[in-house]
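Sequences are here, hints too, so could you generate the full structure?
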Amino acid sequence: MRTLRCAGIVRPRTPADRRHARIAVDSPTDQEYIVRFPIRRTALIAVAAASSLAMAGCGSSSTPAASTSNAATSAASAVKLIAPGSLTVCTHLAYEPFQYPDDSGKVVGFDVDVMDLVAKKLGVTQKIVDTPFEGIKSGEVTKTGKCDISAAAMSITDERKKAILFSDAYFNATQALLLPPNSTVKGLADLKGKKIGAQSATTGLDYANAQKAANGYEIIEFQDLPSQQQALLTGQVDAAINDLPVWGPVVKKNPGKAVVGPQFDTGDVYGFGMKLDNAELKKVVDQVLKDAKASGDYNTIYKKWIGTDAPKS
0 MRTLRCAGIV RPRTPADRRH ARIAVDSPTD QEYIVRFPIR RTALIAVAAA SSLAMAGCGS
60 SSTPAASTSN AATSAASAVK LIAPGSLTVC THLAYEPFQY PDDSGKVVGF DVDVMDLVAK
120 KLGVTQKIVD TPFEGIKSGE VTKTGKCDIS AAAMSITDER KKAILFSDAY FNATQALLLP
180 PNSTVKGLAD LKGKKIGAQS ATTGLDYANA QKAANGYEII EFQDLPSQQQ ALLTGQVDAA
240 INDLPVWGPV VKKNPGKAVV GPQFDTGDVY GFGMKLDNAE LKKVVDQVLK DAKASGDYNT
300 IYKKWIGTDA PKS
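According to numbering that gives the first Met the number 0, the sequence shown holds residues 0 to 312 in order.
Hints may be right or wrong, so weigh each one.
Unchecked claim - Under the rule of at most 35 Å between Cα atoms (straight-line distance), these lysine-lysine pairs were calculated in the DSBU-like manner:
1) LYS252 <-> LYS211
2) LYS292 <-> LYS105
3) LYS79 <-> LYS302
4) LYS142 <-> LYS120
5) LYS302 <-> LYS256
6) LYS292 <-> LYS282
7) LYS194 <-> LYS161
What the hints assert, rightly or not - Pairwise CB distance ranges (calculated):
8) LYS251 <-> ALA230: 31 to 41 Å
9) VAL259 <-> GLY84: 13 to 23 Å
10) ALA77 <-> LYS256: 48 to 58 Å
11) GLU279 <-> LYS256: 46 to 56 Å
12) GLY247 <-> LYS105: 19 to 29 Å
13) SER226 <-> SER76: 37 to 47 Å
14) LYS256 <-> GLY84: 39 to 49 Å
15) ALA77 <-> GLU220: 15 to 25 Å
16) GLY84 <-> LYS105: 19 to 29 Å
Simulated from the structure, these hints should not be mistaken for lab results.
Built from N, CA and C at the ideal position, the CB exists for glycine as well.
Shown next, in the form of structure tokens:
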């Protein structure tokens, strides 16, 4: 049963909306995924009956928490979405554990769960669009109205800020090497004369390029994470560099074939990307992140996908 807030009453949606919430993925197969939420008719009647009482019981006094909630609700009502009823989210598949299709083909992951919280706050459903990462990091997908927001484990950088309005940081990222199990590599210097695989348009590639002259390795670029990890597993490269969290699933799914090697604290943090002038959506996203951390929802998502409790901030 929904909780009625003094800021306003959520009215029942259309019969179709009450029966289910929809998460769609734009893809060559045009698949849609439906998450059903059974709603009892008696519950709807109770909501309707209680609404007037709830509004009558609202006083004029306020607390800081109530003010914050009211401000977030006001911001949510001011958000203009490119498709009514949907929060259209651009991402780049597959990048496990942040966004990837599971065995059934449904897109799941850390970023997907957080965007579900944002969509819930807006009173809409999440629609996921798979698109090249180049268009995400350049801000083109939001600038041209392809998506409302980008959620793709994207690092916040000064260069990207010129074209993207970022949310508050939601994840601390560290770069790491993926190595063959018998590798003796202890650092980048040990890769002199060898090949290191990096994913295009990522901060891992940027870091590898910045350290290349000092360490004398060759960089082999790959368009996506699956092709990069496959290159390491098949011996096409001697090491691969990417964000630390993505290597855990690779090692787990390929026992005895790969290990996580040296890590590099580059200070990277992830943010969700929006159009530069979309301040109202940013307010909502930032408030959702703040509320999720306070309620424990963020830690639940973190533990579900990363395997440990979220760092204390």
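query: Of the numbered hints stated previously, which ones are contradicted by the structure, given in increasing order?
result: 8, 9, 15
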